[in-house]
Amino acid sequence: MSMIELTVNGHSVQAVAEPRTSLADFVRDKLDMTGTHLGCEHGVCGACTVLLDGAPARSCITYAVACEGAEVTTIEGLDEDAVTSELRAAFTREHALQCGYCTPGMLVSARDLVLRLPDADERAIRVGLSGNLCRCTGYVGIVRAVQSVIEARRARDIAPEPGGGRKVLGPVGSGRSARNGVKATGIGRGKTSTEALSRVNAIADFTPAVVLTQQFSITHSPAQVFAMFGDIAAVAACLPGASLTAPPSPERVEGAIRVKLGPIAATFSGLARVERNAADMSGRIVGIGNDQRSRSSTQGEIRYRLVPIEQGAATRVDLSIGYTLTGMLAQVGRPGLVRDLAARLIAEFAGNLDRRLSGTSPAAATPGKLNAMSLVSGLLRVRVARWFARFSSDKDGSA
Amino acid sequence: MKPAPFGYERPRDLQAALAVLAEADASVKIIAGGQSLGPMLNLRLVEPELIVDITGVAELKQVERRDDELVVGACVTHADIEDGRIPDVTRGAMRRVAGNIAYRAVRNRGTIGGSLSHADPAADWISALSALGAKLTLRSLAGSRTVAIEDFIVGALESTLRAGEIVETVHVPAMPPSVHWGYVKSCRKTGEFAHAIGAVMIDPSAATVRVVIGAIDSAPIVMTDADELFGGRITGDYKERFDPRVADAILTKAGVSDAAHRHIHVNALKRAVREAAA
Numbered sequence: 000m001s002m003i004e005l006t007v008n009g010h011s012v013q014a015v016a017e018p019r020t021s022l023a024d025f026v027r028d029k030l031d032m033t034g035t036h037l038g039c040e041h042g043v044c045g046a047c048t049v050l051l052d053g054a055p056a057r058s059c060i061t062y063a064v065a066c067e068g069a070e071v072t073t074i075e076g077l078d079e080d081a082v083t084s085e086l087r088a089a090f091t092r093e094h095a096l097q098c099g100y101c102t103p104g105m106l107v108s109a110r111d112l113v114l115r116l117p118d119a120d121e122r123a124i125r126v127g128l129s130g131n132l133c134r135c136t137g138y139v140g141i142v143r144a145v146q147s148v149i150e151a152r153r154a155r156d157i158a159p160e161p162g163g164g165r166k167v168l169g170p171v172g173s174g175r176s177a178r179n180g181v182k183a184t185g186i187g188r189g190k191t192s193t194e195a196l197s198r199v200n201a202i203a204d205f206t207p208a209v210v211l212t213q214q215f216s217i218t219h220s221p222a223q224v225f226a227m228f229g230d231i232a233a234v235a236a237c238l239p240g241a242s243l244t245a246p247p248s249p250e251r252v253e254g255a256i257r258v259k260l261g262p263i264a265a266t267f268s269g270l271a272r273v274e275r276n277a278a279d280m281s282g283r284i285v286g287i288g289n290d291q292r293s294r295s296s297t298q299g300e301i302r303y304r305l306v307p308i309e310q311g312a313a314t315r316v317d318l319s320i321g322y323t324l325t326g327m328l329a330q331v332g333r334p335g336l337v338r339d340l341a342a343r344l345i346a347e348f349a350g351n352l353d354r355r356l357s358g359t360s361p362a363a364a365t366p367g368k369l370n371a372m373s374l375v376s377g378l379l380r381v382r383v384a385r386w387f388a389r390f391s392s393d394k395d396g397s398a
Numbered sequence: 000m001k002p003a004p005f006g007y008e009r010p011r012d013l014q015a016a017l018a019v020l021a022e023a024d025a026s027v028k029i030i031a032g033g034q035s036l037g038p039m040l041n042l043r044l045v046e047p048e049l050i051v052d053i054t055g056v057a058e059l060k061q062v063e064r065r066d067d068e069l070v071v072g073a074c075v076t077h078a079d080i081e082d083g084r085i086p087d088v089t090r091g092a093m094r095r096v097a098g099n100i101a102y103r104a105v106r107n108r109g110t111i112g113g114s115l116s117h118a119d120p121a122a123d124w125i126s127a128l129s130a131l132g133a134k135l136t137l138r139s140l141a142g143s144r145t146v147a148i149e150d151f152i153v154g155a156l157e158s159t160l161r162a163g164e165i166v167e168t169v170h171v172p173a174m175p176p177s178v179h180w181g182y183v184k185s186c187r188k189t190g191e192f193a194h195a196i197g198a199v200m201i202d203p204s205a206a207t208v209r210v211v212i213g214a215i216d217s218a219p220i221v222m223t224d225a226d227e228l229f230g231g232r233i234t235g236d237y238k239e240r241f242d243p244r245v246a247d248a249i250l251t252k253a254g255v256s257d258a259a260h261r262h263i264h265v266n267a268l269k270r271a272v273r274e275a276a277a
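Chains R and P, in that order, are what the protein sequence lines are.
For the first sequence, numbering that gives the first Met the number 0 assigns the number 398 to the last residue and increments by one with no breaks.
For the second sequence, numbering that gives the first Met the number 0 assigns the number 277 to the last residue and increments by one with no breaks.
For the record, the hints were derived by calculation from the structure and aren't laboratory data.
In this text the structure is predicted, and so the values were computed from the model without any measurement.
Hints may be right or wrong, so weigh each one.
[Said to hold, decoys possible] Straight-line Cα separation of at most 30 Å, DSS-like style, residue types lysine-lysine; simulated pairs:
hint, chain 1, residue 1, chain 2, residue 2
1, R, K166, P, K28
2, P, K269, P, K252
3, P, K28, P, K134
4, P, K1, P, K28
5, P, K134, R, K166
6, P, K238, P, K134
[Unchecked claim] Across the chosen pairs, the derived CB separations fall in these ranges:
hint, chain 1, residue 1, chain 2, residue 2, range
7, R, E79, P, A259, 36 to 44 Å
8, P, Q61, R, D118, 18 to 26 Å
9, P, A147, R, G53, 33 to 41 Å
10, P, H260, R, A245, 54 to 62 Å
11, R, E150, P, R144, 50 to 58 Å
12, R, R92, P, G254, 31 to 39 Å
13, R, S357, P, S143, 31 to 39 Å
14, P, T145, R, R92, 39 to 47 Å
15, P, A18, R, A233, 45 to 53 Å
16, P, Q61, R, Q97, 45 to 53 Å
17, R, D118, P, A18, 32 to 40 Å
18, R, G137, P, N266, 23 to 31 Å
19, R, A233, P, Q14, 30 to 38 Å
20, P, T145, R, G53, 32 to 40 Å
Cβ atoms here follow ideal geometry from the backbone N, Cα and C, with glycine treated the same way.
With these hints in hand, go ahead and build the complete structure from the sequences.
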């Protein structure tokens with residue numbers, strides 16, 4: 000999974016997608032923009048043609064991950080476009096479509112021809128449209144429509160634009176990424192319009208399939224704990240199996256967590272959005288992750304609230320952990336075992352947290368190595384109430 | 000029609016790209032514009048574990064005029080050449096070849112280096128650049144080497160590119176004004192892969208010629224000593240002296256057994272000769 004950030008129809012969007020996700024599937028499935036059609040899916044029929052950095056490109060054989068930073072314009076983004084408006088009227092007038100399946104790609108290619116061709120030469124238009132197949136019209140109406148728009152614009156002294164105005168070298172869509180496409184870094188907060196976010200699967204809110212609630216207490220004041228929770232690197236260091244794969248920003252973290260449940264081992268790599276509310280000492284971490292090996296994905300949400308106990312000298316941490324697991328691992332996932340795994344992770348986490356706040360380094364914990372034996376014995380031995388009690392009394396946390 | 004899962008890396012510079020390729024112990028494919036590899040991935044003909052995207056490598060998107068040649072970075076697109084965004088040392092030859100590759104939407108992403116690396120015998124650059132006498136610089140962490148295009152392609156989709164090696168630049172020699180150029184391909188549908196390609200670069204004043212018969216099922220036939228095609232010598236009336244029977248015999252010898260296919264190839268070449276003489 001990679002976080003892909005690009006501009007679609009003027010909106011900055013981010014979404015997580017596999018590297019193999021085509022740009023067409025990305026806009027259709029992640030952004031719900033189904034105006035881009037898929038026909039042959041190997042670059043021949045032209046139905047999927049979109050504008051990439053202003054130039055037509057096949058979105059079925061262009062992978063979204065390769066378009067990091069690019070400007071994508073789909074048919075939905077051409078509603079107000081002057082050339083496309085003229086073309087739409089001409090398509091209607093000349094009966095240039097019947098079923099409409101090829102039309103979005105046809106309009107994108109036609110627009111490019113209107114911009115580039117010096118005159119309305121029928122042969123040049125036919126050659127130019129040869130990469131867009133239409134099975135209804137026999138092309139006559141389409142060619143006439145494009146001819147009429149070119150003629151009308153040249154008559155209005157609108158000059159052709161050789162090269163469609165492109166100035167840089169290299170594949171369209173490839174030039175804007177300032178960074179390695181697999182390594183996503185901080186989201187430009189201001190850049191993300193709410194409209195775009197609500198439309199995008201980007202670390203979106205979700206309804207977890209499983210919700211676990213846990214509590215533990217720490218012998219430090221809520222203010223200290225809250226400050227500590229703001230230090231993502233420190234928190235990650237306390238979480239068994241967790242590692243950061245990029246420098247975190249206060250509101251965004253990229254990392255991986257290795258979990259092992261008996262013979263089942265998974266390393267979920269992903270991204271998380273961090274929200275904090277100092278007023279009520281609460282926070283939320285919403286993340287998405289993917290395990291390459293088992294091809295499983297998870298969405299997770301951790302909500303915490305810090306409640307003062309012992310006259311404010313200590314803190315009770317109320318946790319709510321929600322997650323949804325999909326893919327191969329979901330088939331073998333047993334909520335009971337996962338619940339215990341989470342509980343044990345939290346126990347270790349709390350112990351490490353306490354030690355860190357006390358100024359000692361986290362125990363040389365065995366990250367994520369929660370093998371089945373200790374898990375089973377854990378299941379038998381430990382009760383939430385018990386370990387809650389123990390954490391209040393035993394800050395060593397050596398459970 | 001969806002590719003099998005693959006890992007993806009997008010190195011920032013050439014050194015990083017070569018390092019990734021050198022380290023990769025899994026099956027790895029380089030992708031540039033992806034206009035040949037994309038369809039193969041989608042059809043699951045190719046299922047690499049790792050894809051290394053080199054379109055973020057700025058060094059490969061540069062062009063430099065060096066003495067009597069143009070050095071074209073591997074990630075320069077067909078549309079870059081078609082539109083004249085790079086200098087032309089071939090007096091329009093490369094621009095015309097580029098402008099007739101597939102479709103505009105493909106040319107906007109497809110790259111010269113990618114097309115060559117893919118080594119599809121029916122693709123244009125293999126034949127056109129062989130006729131133009133171009134060379135390639137191939138680079139790996141071990142260093143670089145230069146090969147002529149005709150030595151680079153060894154068969155259908157097979158090149159001399161070694162593991163960890165990448166096509167870095169294409170070196171196109173400047174075409175002297177005395178040279179005549181003809182390039183013709185036969186496609187039943189505009190933009191599809193050619194069924195036959197004929198390319199001729201002929202200099203009657205110097206009595207030199209390079210002839211390419213391309214889009215046969217293996218590496219193109221490149222003839223630098225093609226006098227026999229023109230009755231034994233290269234003169235100004237080469238168009239009249241062109242002997243289709245010699246071309247047919249060459250094709251037979253190269254293993255093109257179908258007479259109809261040979262006919263199409265001979266005619267593509269004949270038209271290329273005619274275009275050169277025009």
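Tested hints:
no. : hint                         : in the structure
1   : R:K166 to P:K28              : holds (29 Å)
2   : P:K269 to P:K252             : holds (18 Å)
3   : P:K28 to P:K134              : holds (22 Å)
4   : P:K1 to P:K28                : holds (17 Å)
5   : P:K134 to R:K166             : holds (26 Å)
6   : P:K238 to P:K134             : holds (28 Å)
7   : R:E79 to P:A259: 36 to 44 Å  : violated (53 Å)
8   : P:Q61 to R:D118: 18 to 26 Å  : violated (34 Å)
9   : P:A147 to R:G53: 33 to 41 Å  : holds (37 Å)
10  : P:H260 to R:A245: 54 to 62 Å : holds (56 Å)
11  : R:E150 to P:R144: 50 to 58 Å : holds (53 Å)
12  : R:R92 to P:G254: 31 to 39 Å  : violated (54 Å)
13  : R:S357 to P:S143: 31 to 39 Å : violated (58 Å)
14  : P:T145 to R:R92: 39 to 47 Å  : violated (57 Å)
15  : P:A18 to R:A233: 45 to 53 Å  : violated (32 Å)
16  : P:Q61 to R:Q97: 45 to 53 Å   : holds (46 Å)
17  : R:D118 to P:A18: 32 to 40 Å  : violated (50 Å)
18  : R:G137 to P:N266: 23 to 31 Å : holds (29 Å)
19  : R:A233 to P:Q14: 30 to 38 Å  : holds (35 Å)
20  : P:T145 to R:G53: 32 to 40 Å  : holds (36 Å)
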